[in-house]
Structures are given as C-alpha cells and as structure tokens.
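Participant: Line order of the protein sequences matches chains A and B.
Take the first sequence: its position 155, counted from the start at 1, is 162 in the numbering used here, and no numbers get skipped.
Take the second sequence: its position 215, counted from the start at 1, is 200 in the numbering used here, and no numbers get skipped.
Hints are computed from structural coordinates only; laboratory data are not their basis.
Do not rely on the hints blindly, as some may be mistaken.
Calculated lysine to any residue pairs in the SDA-like style (CA-CA distance at most 25 Å, straight line) [unchecked claim]: (1) K33(A) / K17(B); (2) K17(B) / S493(A); (3) K111(A) / T143(B).
Example chain A residues on the side facing chain B (calculated, C-beta under 7 Å, incomplete) [unchecked claim]: (4) F28; (5) I31; (6) S32; (7) A150; (8) S205; (9) S359; (10) G363; (11) Y469; (12) L472.
Chain A residues, not near chain B, derived (Cβ > 10 Å throughout) [to be verified]: (13) A22; (14) A104; (15) Y114; (16) E142; (17) I207; (18) T271; (19) D447; (20) V458.
Just so it is clear, CB atoms sit at the ideal spot from N, CA and C, and this is done for glycine as well.
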Amino acid sequence: MVNPVLLIAVPLGLAFALPLFGLISKRIVKYIPVVAFIFNFALALRLIPDVLKQAIVVEIGGFPPPFGINLVAGPVGVLFSALIALAGLLVAVYALAYITEGPKEKYHMLYLLLLAGATGVVLTGDIFNLFVFFEILCISSYALVAYIGDRAGIESAIKYLIQGAVGSSFLLIGIGLLYGLFGTLNMADLAQQIESASSISVFVPMVLIITGLGVEAAIFPLNAWLPDAHSSAPSSISAILSGIAIEVGLYAVVRVLFTIFGATNMFMFFAFLGVLTLLIGEMCAFAQNNIKRMLAYSSIGQMGLIVFAMAIATSYALTGGLFQLVSHTLGKGLLFLTAGYMIYRSGSMEISAFEGMGKRMPLTSLAFTIGAFSLVGLPPFVGFPSKFLIVRAALAKEEILFTVLIGLVLLGTVIEGAYFFRVVQVLYFKKANGNSERKDAPVAGLIPMVVFVAFILVMGIYPQLVIEVLNSAASELLHRMEYIRSVLG
Amino acid sequence: MRAIISLFLISVLAWGIATALNEIPFGAAKTKVGEYYIGRGKEQTGASNIVTSVVVNYRGFDTLGEVTVLFVAAIGLGAVLATRRKKEKRDVEPASLVLYTGCRLLFPLILLFGAYIFIHGHLTPGGGFQGGAVVASAFVLVYLGCRGRRISETASKTVESLGGLVFIVVGLVGLAVGGGYFLSNYLPKGELNSLFSAGIIPIIYIAIGFKVGSELAGVIDHLVEESE
Chain A
8 MVNPVLLIAV PLGLAFALPL FGLISKRIVK YIPVVAFIFN FALALRLIPD
58 VLKQAIVVEI GGFPPPFGIN LVAGPVGVLF SALIALAGLL VAVYALAYIT
108 EGPKEKYHML YLLLLAGATG VVLTGDIFNL FVFFEILCIS SYALVAYIGD
158 RAGIESAIKY LIQGAVGSSF LLIGIGLLYG LFGTLNMADL AQQIESASSI
208 SVFVPMVLII TGLGVEAAIF PLNAWLPDAH SSAPSSISAI LSGIAIEVGL
258 YAVVRVLFTI FGATNMFMFF AFLGVLTLLI GEMCAFAQNN IKRMLAYSSI
308 GQMGLIVFAM AIATSYALTG GLFQLVSHTL GKGLLFLTAG YMIYRSGSME
358 ISAFEGMGKR MPLTSLAFTI GAFSLVGLPP FVGFPSKFLI VRAALAKEEI
408 LFTVLIGLVL LGTVIEGAYF FRVVQVLYFK KANGNSERKD APVAGLIPMV
458 VFVAFILVMG IYPQLVIEVL NSAASELLHR MEYIRSVLG
Chain B
-14 MRAIISLFLI SVLAWGIATA LNEIPFGAAK TKVGEYYIGR GKEQTGASNI
36 VTSVVVNYRG FDTLGEVTVL FVAAIGLGAV LATRRKKEKR DVEPASLVLY
86 TGCRLLFPLI LLFGAYIFIH GHLTPGGGFQ GGAVVASAFV LVYLGCRGRR
136 ISETASKTVE SLGGLVFIVV GLVGLAVGGG YFLSNYLPKG ELNSLFSAGI
186 IPIIYIAIGF KVGSELAGVI DHLVEESE
C-alpha cells in the first residue's frame, strides 16, 4: 500500500531540490510543479478506494499517537488532497506560459511549498503540526501576493501579512492553552478529553483557534485582507488563493469545530455568520467594476454559503457543503485563469475593457461564461447539484429559521447571478471599440481551462461520480467518535 | 472612537485569556506525553538530550515543517526584494583596521563554535537551529568588518537545498527500511552519550545546521544588498 505521507514529502522534497535543478537548466524549473502534482493527483486517486473502506492512520517515526505525530488520511483528507493536487496541476500548467517575468525560480518554489503546506494541513492529525503547515501555507501566500512587486501588490501583501500574523498568534495561543489543559496535541486525544474540562477553559481556546483560522478562511469580519490580496496577486496565484487557500482555512475551522470541540451549540451562530458573510460578499461583488476584485468578493460570498451549509450539520448539508467547496474550487479557479488572459489582452482590470471579448478571445470567453454559470448554480454545471443539495438540506431541517436563512441565501444567489450576467453581457453583447483582432490565450493557458470546463460539466451531469466520496467525508466529520477510535484504537 | 473599540477588544481578549489561564494547571504535574518522553526517550531514540529526542525524533515532522517555514520566509524575502533591485551603488566606507582584523580572527572560531553546537545537538543543549544561527552570525560579522565581501549566492542556495533534501531523503529511507515509517530512527543507536549515537538524529541536525546557517546568511545578504 502506498503511504499518504508521500503526498506531503514529495512536493516538499522537490521544492528543496528545485534550485539544484535550476543549476542544471533554467528551463526545466517550471515543469517541476507539474510533475509534483501529477504524482500527487495520481496518488490521491489511488488512495480513494482504500480510505472509503477505512481511514489510513500514518504514524510518523513509528511512535504511536498521542506520543508521535500522525496523519489521518480519511475521506476528508484524501478528498482535499486530490482537489489541491488537481487545482495545483492545472494552475502549474497555466503558469508555464503565464509567468514570464520576475524571479521565476522563487515563484515555482513558493508555489510548491504553498500547496505542500495546504496538503499537510488537511492530512495531519496533530494540532500543532496543523499550525506548522498552516504557517507554510500562509507565509508563501504573503510572498506570492507581492510577486509582481508593484505598489498595490506590496501594500496588500503587508496588509495580508499583518492580519495573517495576528490570526496565527491567536491560533498559537489557543493551541498553547489546550496543551496546558490536556497535556497533548493529538487531535483525537484532545477530542476524547475535551468534555472532561470546565466549559470556560475550553471555550476561550476554541474562540482563539477559530478566530485565528477564520482569518485565512475569510469568514466575516476577519476578511478585510482578501479583496486586495486576491486582486493584486498574479492571476494564477489568485486562482490558488481563492480556490485552495481559503478552502483549506475553512477545512481547518470545520475540523476543529466538529472533531476536536464537537461544538454543536455553536452551529446556530455559524449559520448566521455564514449568511451574513454571503450577503456582504455578494453585495460588495455587485458593486465592483474591477474584475478581480469582483471575483475576490464573490469568493467571500461562496465561503459564507459553505459555512452556512456546514452549520446545518446534517449529513445532507455537509455533503452539500463539501460539494459546494469542490465546485467553488473548479469554478473560481477557471474564472481567475480566464480573467488572467483577458486582463493581459485588454491591459485593464476594468470590466468595461472586456467589451467584445467574445469575438476577440472566443474560447477564453466561453470558459469564463461556463465558470460564471457554474458558480451561480445553473444546470448542467457542477454548481447546480451542489447548491441544490444545500437548499434541500436546509428545507429538510423543517425549521422556520433555516427556511428564512435559505431564502436569504437564494437572494445572495440572485445578486451573484446579476453581476456575473453583467460581465457575460459585456463579453458578448457589447461591440469592441478599436482593436478587435482575434487571438486566444496560448495553448498552455487553454489546456487547464478546457480541463476545468470538462470537470465542471462531467461532475454537473454525473454528480454520482463524486457523491460517494463526499458522503463518507461528511460522515467522517459528523462522527467524531469514529475518528477518535480510528486514531487511538 | 477607534481607540475605544480597540481598547475594549483588547480587554475582552485579556480577560478571556486570564480566566482560562486561571483554570489551566500550567507546570503543575507532568503530562502523560511528557512523562513518556522522559521515561523512554533515551532508550527509544538513543539521544541523551531529551529536548532533541522530542524535537528531531518524536516530533520530527514538526521540525521538518519548521525548517520549511524558515525556508519559505527566506525565499519569500528574496522574491520580494528581487523585484525592487536596480539602485545605484553608494560608496561604502571601509571598516577600521581593528574591526577588520578582529573579524578575520573571529570568523573561523565562530564557524567552529556553530558547528560544535549542531554536531553535538543530541548530547548537549542546542542543535541545528541554534548552531545554524551562530554560523550565520559569523557572516554578519564579515558583512560588518570586511565590507564588499559577499557570500556566493549559488553556494548558499546549493547548501540550503542539500540540507533540506538530506532531511527528506533520510525520512523517506525510513519508509523503505525503518518498518515503513517516515522519519523512523532506523540507524544503530550506539552508546548513550557518545558522539556516534542516536541514529538519524545527528545526521538530521547537521543537515539543519547547514541549512539554517546558509539560509540566514542568505537573508542577511539580501538585506545588505537592499540597504546599499
């Protein structure tokens, strides 16, 4: 059997080795992330049948938990690893042609490390180890946001750095308090002992940890950094930040709430917070004229929707929430990649500059339209089954409150539809003034777009392909006793 | 108004942490995990320095992560500064004779001391990170005293990469021969308290020492370049 630790060790090792490859030839450097994520994606797919039967617990160094560090490759971990590897692979292919300036070697190293950190966060079963990988993820994002090196990039990276660092400190203090209470850092061991402590001494670390992780997960009101950071990063990095980084942050919040604290009494609060995040995100997105800022605010809205789905905390709702997460990664990844070349061609991030793009870059525009329709939730794209599951789960609760909240969510979707259709209208139904030469994105840019579109269509038409994995991932999150048993035996 | 809100938030935070701390028995009794390390650390890892056995062996995966965090920070700094070079050179005033001679005298001694700290990480207090920081301090001295001298960027990058690779490869070999565990201590443990003991621990600490030393020296190099 293959060992899930390779999902972390191989990208890390390749990132360390990248300067050595660079000494041999400057040209092969950019292919290394592609190779790493082909390997990771294949490995994650190979692991899925095994983990559906039983979660794989990997003891690092051969010490049994809670004495050593362990990885838990359950359905959730492997689902996320596969998603990270897929998005990582496609965006790495995109970067082959897109990243042409700046310290390219450092870009590829940071890119590999960012995603290795993300994979570590979703696989680890130790809360301090989670913090360490979380730091790898965050610090490489700070640097990549500033990659272009213009004023806006540096300014937003510093904003992101300050808020992220405060968040990380909260997280660390919270972990310290938990360690003081229970004398262990193993997540399963913590989960087992959590009920034995008084409520206030558990509540304070929980608030600190959730606040710290919430900064990266872009939950309102901790998301002030996001629109700037996502819009001034290179588009390939925006795709990863929106498609992977905040999702991983949200994973960490969900894992801590569901598995460690089993905090069922907090879910009502998170349902409200989710809807609030959703409405604020969508309304701000509606007001934007800058395409990347619009997409960034739309990510906040989507995160709100996922938080809401998770907070319903039924098996249906969790499946829907995880599905929405997958569909957001695919949709938003595609949107940022297409927007990258449209901005490159028009030389502006203003939506009005995209007039007539439907003729100038037909394939790219079509891909953008599909991504937009999928995010809004139109059939036959993947956004439809995922949103549908969430709506059904909320109605199945049969509580007035959830019916009202899902009404607000649908209102958010209407706003989302409005601003995405506005862009699509500009693409296709406005005449281009001036240059209307037809020239699409380069092949290395088109391939990932086509693959994203293929995934969006196939999963939209055959949701049953992924539903089994999503179901067992949802049940891993819901049944914390199972998790504890699989780790501690 | 902003000040009042901030003050309010900070006092809520302080109150929360204080209440929690009040109930948490920090330092009271040794924890289950701590007791296990103290009781069985020497026998299981072969390192007479228990802190090292925890850092490199029991929680070696964290250390791999921490090495990576430093690595990310160093490259990130390099990437950010690389985009804003191209400044005109300012004339640098040479250091005085006393400083110059002192640096040349101390440089090898500091390197030796740093190497001593990371090679003896499994026996005495200190280890790869500390030794690496001492090594890097020798380079700070060179930049202060022998202005105009530079470390070779290729050399520091190569050492950095090799250090990281050794860590990963030692870990991966464990998958093949160490009972299938990443980072398991599969080498002979040797005699307690001797230099050649504790299996993979000294190898990893030496790799970390080189890596941290070259990394921090690289950071200093970037910053010196920026300030000129």
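Participant: Compare the structure with each hint and give your call.
Facilitator: Checked hints:
1. Of the pairs offered as hints, the one joining K33(A) and K17(B) is violated, with about 51 Å between alpha carbons and a cut-off of 25 Å exceeded.
2. Restraint check: the Cα-Cα separation between K17(B) and S493(A) comes to about 20 Å, which is no more than 25 Å; the hinted pair holds.
3. Annotation: proposed proximity of K111(A) to T143(B) holds, straight-line Cα distance about 17 Å (limit 25 Å).
4. With 7 Å as the threshold, the beta carbon of F28(A) stays out of range of chain B, its nearest partner Cβ sitting at about 9 Å, so the hint is violated.
5. With a cut of 7 Å, the hint placing I31(A) at the interface with chain B is violated, because the nearest CB-to-CB distance is about 12 Å.
6. Annotation: interface hint on S32(A) violated; nearest CB of chain B at approximately 14 Å, more than 7 Å.
7. Hint status for A150(A): holds, given a least beta-carbon distance of 3 Å to chain B, under 7 Å.
8. With its C-beta approaching chain B no nearer than about 6 Å, S205(A) sits inside the 7 Å limit, and its interface hint holds.
9. Contact between S359(A) and chain B, as hinted, is not supported at the beta carbon level, the nearest pair being about 29 Å apart and thus beyond 7 Å.
10. Taking 7 Å as the C-beta cut-off, the interface hint given for G363(A) is violated, the closest approach to chain B being about 33 Å.
11. Because the beta carbon of Y469(A) sits about 36 Å from the nearest beta carbon in chain B, more than 7 Å, this interface hint is broken.
12. Look at L472(A): its Cβ only gets to about 32 Å from chain B, farther than 7 Å, so that hint breaks.
13. Not every CB of chain B is more than 10 Å from the CB of A22(A) (nearest about 8 Å), against its label as outside the interface.
14. Every CB of chain B lies more than 10 Å from the CB of A104(A), the least distance being 20 Å, so the non-interface label holds.
15. A Cβ of chain B approaches the Cβ of Y114(A) within 10 Å, the least distance being about 7 Å, so the stated non-interface status is violated.
16. Not every CB of chain B lies more than 10 Å from the CB of E142(A), the least distance being 5 Å, so the non-interface label is violated.
17. Chain B draws I207(A) into its interface by the beta-carbon criterion, the shortest separation being 6 Å against a cut-off of 10 Å.
18. Its beta-carbon lying about 21 Å from the closest one in chain B, T271(A) satisfies the requirement of being farther than 10 Å from that chain.
19. Interface exclusion of D447(A) from chain B stands, the closest Cβ pair being 29 Å apart, more than 10 Å.
20. Distance to chain B confirms V458(A) as a non-interface residue, since its nearest Cβ pair spans about 28 Å, more than 10 Å.
Hints 1, 4, 5, 6, 9, 10, 11, 12, 13, 15, 16 and 17, counting from the list given before, are not met by this structure.
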